[in-house]
Amino acid sequence: MATDRTVEIVVIGGGPAGATAAYWLARSGHDVLVVERYETPRDKPCAGLLTPRATTQLAAMGAADFASTNGHAITGIRSLSGAKAVELQWPTHAGHLYGGWAIRRDILDVALLAHAESAGATIWRGWEATQPVADRGFVSGVRAERIDTGEQAHISCRYVVVADGANSRFGRSLGTTRSPQWPSGTATQAFFASQQSTVPWVDIALDVREHDTASFPGYGWVVPHGNGTVNVGVGLLSTYADFKSLNLPQVHHDFVESITDRWQLSRLGDACELGAGMLKMGGSVSPTAGPTFLVAGDAAGMVNPWSGTGIEYAFETGRLAAETLIEAFADDDAGLLALYPKALENRYGRYFATGRLLAHAIGRPGLVGQLQRVSLHRRSLLEWMLRLSLNLLRDDETGPAEAAYQMASRLSRLAPDQ
862 MATDRTVEIV VIGGGPAGAT AAYWLARSGH DVLVVERYET PRDKPCAGLL TPRATTQLAA
922 MGAADFASTN GHAITGIRSL SGAKAVELQW PTHAGHLYGG WAIRRDILDV ALLAHAESAG
982 ATIWRGWEAT QPVADRGFVS GVRAERIDTG EQAHISCRYV VVADGANSRF GRSLGTTRSP
1042 QWPSGTATQA FFASQQSTVP WVDIALDVRE HDTASFPGYG WVVPHGNGTV NVGVGLLSTY
1102 ADFKSLNLPQ VHHDFVESIT DRWQLSRLGD ACELGAGMLK MGGSVSPTAG PTFLVAGDAA
1162 GMVNPWSGTG IEYAFETGRL AAETLIEAFA DDDAGLLALY PKALENRYGR YFATGRLLAH
1222 AIGRPGLVGQ LQRVSLHRRS LLEWMLRLSL NLLRDDETGP AEAAYQMASR LSRLAPDQ
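For what it's worth, this note's numbering labels the leading residue of the sequence shown as 862, then goes sequentially.
Everything labelled a hint here was simulated from the structure, so no lab data went into it.
Pair ranges (Cβ atoms, derived):
{"#": "1", "residue 1": "968", "residue 2": "1147", "range": "28 to 36 Å"}
{"#": "2", "residue 1": "1274", "residue 2": "1137", "range": "29 to 37 Å"}
{"#": "3", "residue 1": "946", "residue 2": "1036", "range": "46 to 54 Å"}
{"#": "4", "residue 1": "1036", "residue 2": "1260", "range": "38 to 46 Å"}
{"#": "5", "residue 1": "999", "residue 2": "1206", "range": "21 to 29 Å"}
{"#": "6", "residue 1": "1010", "residue 2": "906", "range": "22 to 30 Å"}
{"#": "7", "residue 1": "1196", "residue 2": "892", "range": "15 to 23 Å"}
Model, not experiment: these values are computed from the prediction. Note that beta-carbon positions come from the ideal geometry of N, C-alpha and C, so glycine has one too.
Just need the whole structure built from these sequences, with the hints factored in.
See below:
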């Protein structure tokens, strides 16, 4: 049995980027269909941390109440080194709301899709977009298959938003590739039961290591979810010389052992199984646009190379993709899609390039150790490092974080991009 459908826009993937794009498009009156592979909620490997940038985007979509109802409020970051801890509240920024939340991805993704649906988007859950219908880069449709029954569908459309995650099979079928010389990351995470799950701080440990070896580029985290569980994870940078030889599950295990007493951790059975994923960082995927398609979120490599966070950039790029298409419809001009990569570059290009330079610089364990020794004894340094890593730099004021960024940005302009 085959199904034929005609819509204005098809969104591939119903995660934060896809659901956000669908919401803004539907809210503007466009006929949008989301093709989402998973029919039931799934807990994607993710810390589930919404920073102030993400909180701002949720509020813009009219979904702020969802966070307060379903999430656990996070006051800020607690930087750890052994027994020493420094509590750092979220940096303030005139353009972003103050505050953060911890929300499990299975809960967040379902709510975002429902929100897009309430705005008028159509959601096909349990369908996989198998291939584009395209000629010389002009996508005019999508072929899809219902996973449980094998039913085939041909969906005709004017535009496609590709938002099917870091692996992005659909994006690769359109020719998207990651720049292999640019840094990437690998992260592992698992949920544990914890008697400290209502703590309002996210713990960040900069001295992760395997057994008793020297610490290496990356960090460990503990995100409390307020419901008796915490998310414990480790993220590592590919710029470390011995990156491929590291036993990442062992690194995660050692980190868990180091914080078990502090967080009073215990296993959650199957929920404690280790999840892992690759982080395509710093806008490392291209092209992000074609004659009739745009790429957003993890599918475009939109993960912050300073911090490894990606939900806020999924929200922002999903919205930017929608705004680009809304303008293209209003002017009846598909050529406006070419403005999307330029908008990404204007918004994130220099910040991401500077982050990539930093990722290469801290690929040396010796430098990592020096940074830890200096930063963990200077609260002011930690505060501006947090502002930098969260991309909450101020336009109206030049403080230490802004000055340090400007200097690093000048260096990144002189260095070959890697």
